[in-house]
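Engineer: Here the sequence shown stands for residues 15 to 306, where the numbers follow the working numbering.
Calculated from the structure, these hints are not laboratory results. There's no promise every hint is true.
Unchecked claim - Restraint ranges, calculated between C-beta atoms of paired labels, are given here: (1) 187 x 88: 22 to 28 Å; (2) 115 x 170: 14 to 20 Å; (3) 282 x 93: 54 to 60 Å; (4) 148 x 115: 18 to 24 Å.
As the list claims (entries may be wrong) - Derived EDC-like pairs (lysine to aspartate or glutamate); straight-line CA-CA distance at most 20 Å: (5) 43 x 182; (6) 148 x 293; (7) 42 x 166; (8) 170 x 141; (9) 86 x 166; (10) 86 x 69; (11) 43 x 80; (12) 131 x 144; (13) 119 x 180; (14) 304 x 293; (15) 93 x 26; (16) 131 x 180.
A virtual CB, placed ideally from N, CA and C, is assigned to each residue, including glycine.
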Amino acid sequence: MLLNKNPIIYSDLVRVFPIPFVFIAPRKKAITYFAIYSGALAEYYRHMPPASYTEFASAAGVTPMDIKMFVKGRLMLYKTVTPFRIVLGFPVYTKSKQSHINNQKLVVGAAEQVFSKFATPSRLLNEIYEMAKKAGIAAALQYTYTIVHASDRLSKIIRTTRNPRDIERIAMHITQRYNQLISSPRPPSIISSPQQLSTPATSPQSAQQRMHDQPQKTTKPAIPLPVDEIAQTATKVVSSLFSGFGKLAKGITKKFEEQEETPTKSKRYCPSCGVIVPENAKFCPNCGAKLI
Numbered sequence: 015m016l017l018n019k020n021p022i023i024y025s026d027l028v029r030v031f032p033i034p035f036v037f038i039a040p041r042k043k044a045i046t047y048f049a050i051y052s053g054a055l056a057e058y059y060r061h062m063p064p065a066s067y068t069e070f071a072s073a074a075g076v077t078p079m080d081i082k083m084f085v086k087g088r089l090m091l092y093k094t095v096t097p098f099r100i101v102l103g104f105p106v107y108t109k110s111k112q113s114h115i116n117n118q119k120l121v122v123g124a125a126e127q128v129f130s131k132f133a134t135p136s137r138l139l140n141e142i143y144e145m146a147k148k149a150g151i152a153a154a155l156q157y158t159y160t161i162v163h164a165s166d167r168l169s170k171i172i173r174t175t176r177n178p179r180d181i182e183r184i185a186m187h188i189t190q191r192y193n194q195l196i197s198s199p200r201p202p203s204i205i206s207s208p209q210q211l212s213t214p215a216t217s218p219q220s221a222q223q224r225m226h227d228q229p230q231k232t233t234k235p236a237i238p239l240p241v242d243e244i245a246q247t248a249t250k251v252v253s254s255l256f257s258g259f260g261k262l263a264k265g266i267t268k269k270f271e272e273q274e275e276t277p278t279k280s281k282r283y284c285p286s287c288g289v290i291v292p293e294n295a296k297f298c299p300n301c302g303a304k305l306i
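I would like the entire structure built from these sequences, with the hints used as guidance.
Structural biologist: See below:
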């Protein structure tokens, strides 16, 4: 699998999953791709995943504020982790009151350990990335679906019953789903080596004989490409996605300005009956009165 390489070659990841996919994919797929890219960039910069907004922005060709607003508004990661923080008793910031609300802890034991993995956006992204490394990208996508669904269920329970048993069932479901995805067979490798594609199945003796006959070739290890060079291929696409709203607003404003500049012709009415009459008419078609 591509993510099993140590270190992960960022250029290979971009070649298989171009970085604009993160911004145009549906929400749950976008969360998975964002987590994988954040983990790969963190390993590229040699620190613990996920990558910072600045590092991701340099790879995508946008500003760090664009990435932050994308995570907050499009992926809604802060909204996703809020139910987990509430049941764990962590303070939650409310925009309406401009303050932090302290919550009562609703879980203990194993459920607390499960929910603590998703208490912050960075922990959530790290969990998805680790699942992708252990079981593949498809399993990471299924795990993302499970996390988002669990967050929605917790949000409903918090608003209604706050029953601890229902909350523990959600924790058990997440654990069960995690074990199923980890134990499931891995998909075939996305990037196959040239030897796997060209070498036919032969006996061990013929393979050894061929190795002695052919000269040994030394292959250089793959060197990760600089992020700045990789970003050039995706800068135009990603930048257009973020600047599209600004261009749309400018186009609408310009259209309204043109409409205001164009003088509108006043309508002509009959002084007797008040019906709208043609501009060049001398008599009213309704009552026959002479028009001035």
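Engineer: Against each hint, give a clear statement of whether it holds in the structure.
Structural biologist: Status of each hint after checking the structure:
1. 187 x 88: 22 to 28 Å: holds, 26 Å
2. 115 x 170: 14 to 20 Å: holds, 19 Å
3. 282 x 93: 54 to 60 Å: holds, 57 Å
4. 148 x 115: 18 to 24 Å: Once the Cβ atoms are compared, 36 Å apart, the range 18 to 24 Å for residue 115 and residue 148 is violated.
5. 43 x 182: violated, 27 Å
6. 148 x 293: At roughly 78 Å apart (the allowed maximum being 20 Å), residue 293 and residue 148 break the hint.
7. 42 x 166: holds, 13 Å
8. 170 x 141: violated, 23 Å
9. 86 x 166: holds, 17 Å
10. 86 x 69: holds, 17 Å
11. 43 x 80: holds, 19 Å
12. 131 x 144: Roughly 12 Å between the alpha carbons, so the hint for residue 131 and residue 144 holds.
13. 119 x 180: At roughly 14 Å apart (the allowed maximum being 20 Å), residue 180 and residue 119 satisfy the hint.
14. 304 x 293: holds, 13 Å
15. 93 x 26: violated, 32 Å
16. 131 x 180: Distance ~19 Å between residue 131 and residue 180 Cα, so the pair holds.
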